[in-house]
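Trainee: Below, each chain spelled out in residue letters.
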Amino acid sequence: DTEVTQTPKHLVMGMTNKKSLKCEQHMGHRAMYWYKQKAKKPPELMFVYSYEKLSINESVPSRFSPECPNSSLLNLHLHALQPEDSALYLCASSHRTGDPYEKLFFGSGTQLSVL
Amino acid sequence: TQLLEQSPQFLSIQEGENLTVYCNSSSVFSSLQWYRQEPGEGPVLLVTVVTGGEVKKLKRLTFQFGDARKDSSLHITAAQPGDTGLYLCAGAYTGNQFYFGTGTSLTVIP
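Here the protein sequences line up with chains A and B, keeping their order.
If you count the first sequence from 1, position 76 lands on 57 in this note's numbering, and the numbers rise without skipping.
So the mapping is simple: this note's numbering equals the position in the second sequence, first residue as 1, plus 8.
Dumping the calculated SDA-like pairs for lysine to any residue here, alpha-carbon to alpha-carbon at most 20 Å:
#, chain 1, residue 1, chain 2, residue 2
1, B, 78, B, 105
2, A, 34, B, 101
3, A, 21, B, 13
4, A, 21, B, 16
5, B, 65, A, 83
Residues from chain A shown here face chain B by an in silico Cβ test under 8 Å; the list is partial:
#, residue
6, 37
7, 81
8, 87
9, 88
10, 89
What the hints contain is simulated information worked out from the structure, not anything from laboratory work.
No experiment lies behind these values; they were computed from the predicted model shown.
The beta carbon of each residue, even a glycine, is placed where N, CA and C say it ideally should be.
Modelling step: build the complete structure from the supplied sequences, incorporating the hints.
Mentor: As C-alpha cells, this is what we get:
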C-alpha cells in the first residue's frame, strides 16, 4: 500500500461550522504533513508531525488545529474559518526524519470551500 | 518561509519542442526535489538531487543541481502532451522542512 488517503474529497462549510479533514497512510511513515494550496499556486507548508509529535507549525492561525492520534492518522480540525481559507488541503507522509533523499507521498487533497 | 523562484511561470509549447524550467533561491538546500502535479491530484515526485553539480536523467527529463546547491533546472526533450502539468521544485532542509517553488504550469499542444 503506497497510498495516502484523504477524506472528504470536497467540503463546503459555513464560517461558524466545525469540521475535520482526515488523512491516513499505512506505509509505516513516521512524518506527516499538512499543506495548503490555492489555485495555480504552490503548496504552502502548514504543519509537520514527526513520530506523532508536532515539530513544525508555520505560524498557522489557531482556527486550524492539527491532531495526530497515531502514526497512521492525521487530522486537521477546522473552526470559524474565513472565505480566504478556501483552498486544496494536501496531506503528505514520508519515511523518516532528516534524510535528504526523503520522499513526500501526497494524498489527492480535500478541496475546501468556506462560504 | 524560504523563497524558491521558478521561471517561467507559464509555458505553452508544441509537441516535440524542448524546454527548460529553472528553480532559483538564495538559500542552500540539503536536497532539492522536482514534482509534477496534475489538476485535482497531489504532487508526485520525479527526482531528488543531493550533490552540488549532480545531473540525473529520467527518460526525456534531465535534472541538474547547481554547484552551490541553491538552484536547479529541469530540461524536457521532445515534449509530449502527457507532460502537461504543474512542475514544482521543493527545497529540503533538515527537520523535514520541504518548501515548494512558485511553480511552472506547462501545456504541451498536440
